[in-house]
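K.L.:
Turn these sequences into a full structure, and let the hints guide you.
Oh and the sequence shown: position 149 is 214 in our numbering, straight run, nothing missing.
Be a bit skeptical, because a hint or two may be false.
Per label pair, the in silico range of CB-to-CB distance [as the list claims (entries may be wrong)]:
#: 1; residue 1: Leu134; residue 2: Gly325; range: 35 to 45 Å
#: 2; residue 1: Phe296; residue 2: Ile98; range: 47 to 57 Å
#: 3; residue 1: Glu118; residue 2: Phe97; range: 52 to 62 Å
#: 4; residue 1: Ala256; residue 2: Ala121; range: 13 to 23 Å
#: 5; residue 1: Thr286; residue 2: Glu118; range: 15 to 25 Å
#: 6; residue 1: Gly258; residue 2: Asp151; range: 22 to 32 Å
#: 7; residue 1: Gln100; residue 2: Gly291; range: 22 to 32 Å
#: 8; residue 1: Pro255; residue 2: Thr157; range: 13 to 23 Å
#: 9; residue 1: Glu324; residue 2: Ser282; range: 18 to 28 Å
Keep in mind that the hints were calculated from the coordinates and are not lab data.
For each residue, glycine too, the CB sits at the ideal point set by N, CA and C.
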Amino acid sequence: MRLHPVWLAPFALIGIIGAGCPLNGGSDGDSFIPQPPTAELKGVDLVERPSTEKLASYYCHDFAGNNLLASAACEGFFGRSPARTDLRFRFTTRFDLGNPNGFPVPLVEMLLGLDVFDGTDQAELGSICVSFCDPEADECMAPESPCAPADKEGDEIEDFVPTVEDLIELATKAATGELFEENLNFRYIPAEGNIEARVDFELSLTAMLSILEELFSQSATQLLAGEAITFDIPYRARGNVFFDLPVLGRYALLFGPFEGSWSLDD
Numbered sequence: 066m067r068l069h070p071v072w073l074a075p076f077a078l079i080g081i082i083g084a085g086c087p088l089n090g091g092s093d094g095d096s097f098i099p100q101p102p103t104a105e106l107k108g109v110d111l112v113e114r115p116s117t118e119k120l121a122s123y124y125c126h127d128f129a130g131n132n133l134l135a136s137a138a139c140e141g142f143f144g145r146s147p148a149r150t151d152l153r154f155r156f157t158t159r160f161d162l163g164n165p166n167g168f169p170v171p172l173v174e175m176l177l178g179l180d181v182f183d184g185t186d187q188a189e190l191g192s193i194c195v196s197f198c199d200p201e202a203d204e205c206m207a208p209e210s211p212c213a214p215a216d217k218e219g220d221e222i223e224d225f226v227p228t229v230e231d232l233i234e235l236a237t238k239a240a241t242g243e244l245f246e247e248n249l250n251f252r253y254i255p256a257e258g259n260i261e262a263r264v265d266f267e268l269s270l271t272a273m274l275s276i277l278e279e280l281f282s283q284s285a286t287q288l289l290a291g292e293a294i295t296f297d298i299p300y301r302a303r304g305n306v307f308f309d310l311p312v313l314g315r316y317a318l319l320f321g322p323f324e325g326s327w328s329l330d331d
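P.N.:
Below is the structure:
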């Protein structure tokens with residue numbers, strides 16, 4: 066069964082951000098064109114997950130259904146079935162951001178696309194759009210087209226957009242700041258400096274169960290072939306980060322693709 070693209074919901078709503086920087090450089094007062102920032106994705110880390118015992122218990126009880134004997138056997142082997150809310154999968158993206166200009170540059174949005182198990186039905190996981198608010202701003206309004214370039218400035222934009230489907234239940238919690246307060250902080254790159262930006266997000270159990278089904282299927286194939294069993298989920302990440310630059314305005318930088326894996330080995 067194909068896993069449809071899903072949207073993980075913005076973790077803050079975008080505000081109006083002014084750079085407040087002079088547009089003249091040098092003693093002659095000639096206008097200058099700011100240099101674009103740099104952005105490199107360093108990884109997408111799995112930082113919180115349920116134990117394999119909890120996952121096994123959930124799958125066993127789910128498979129048992131209303132069969133009382135099977136349910137009793139599952140409870141004997143694995144204990145009570147965990148609640149779906151206890152099966153959390155939390156991730157952190159890490160970026161190295163650089164700014165060659167003599168003034169700070171605000172980071173306003175990030176679009177991150179994730180694929181897992183390339184070449185399988187579960188490959189196309191979905192896209193995340195994250196917008197950042199200035200905490201000093203009185204109002205923070207959602208953009209009509211989040212994570213979309215306002216003009217043609219910047220790198221070529223990947224041909225994918227945020228989608229809204231299975232994971233939209235995260236939106237309410239995210240908007241009220243219940244999820245990952247760090248994501249509500251305004252981020253900017255200091256003048257002639259570098260920073261590491263971290264953005265947290267969750268995948269719902271709906272998405273993860275489809276991924277885990279593929280993982281356990283591959284592990285069973287390894288077992289039957291006499292190979293060492295691994296519980297690794299390969300992923301590929303790519304996307305854009307968006308900045309506000311004087312003169313240039315909204316500027317998009319393309320990053321990736323970055324390939325890695327998430328391990329579920331205890």
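K.L.:
15 to 25 Å was suggested as the range; check whether the CB atoms of Thr286 and Glu118 agree with it.
P.N.:
holds, 23 Å
K.L.:
Can you let me know if the beta-carbon spacing of Phe296 and Ile98 is within 47 to 57 Å?
P.N.:
holds, 50 Å
K.L.:
Just to be sure I understand the hint, the distance between the Cβ atoms of Leu134 and Gly325 should be within 35 to 45 Å; is that true here?
P.N.:
Distance hint for Leu134, Gly325 holds at roughly 42 Å.
K.L.:
Mind checking the hinted window 13 to 23 Å against the Cβ distance between Ala256 and Ala121?
P.N.:
violated, 52 Å
K.L.:
Is the distance from the Cβ of Gln100 to the Cβ of Gly291 consistent with 22 to 32 Å?
P.N.:
violated, 56 Å
K.L.:
Using the C-beta atoms of Glu324 and Ser282, is the stated range 18 to 28 Å upheld?
P.N.:
Holds, at about 21 Å.
K.L.:
Take the C-beta atom of Glu118 and the C-beta atom of Phe97, compute their distance, and say whether it sits inside 52 to 62 Å.
P.N.:
Roughly 60 Å apart at Cβ, these two residues keep to the hinted range, so it holds.
K.L.:
Can you let me know if the beta-carbon spacing of Gly258 and Asp151 is within 22 to 32 Å?
P.N.:
Violated, since Gly258 and Asp151 (Cβ atoms, about 41 Å apart) do not stay within the stated range.
K.L.:
Pro255 and Thr157, beta-carbon distance inside 13 to 23 Å?
P.N.:
With a Cβ separation near 21 Å, Pro255 and Thr157 satisfy 13 to 23 Å, so the hint holds.
When each numbered hint is compared with the structure, violations occur for hints 4, 6 and 7.
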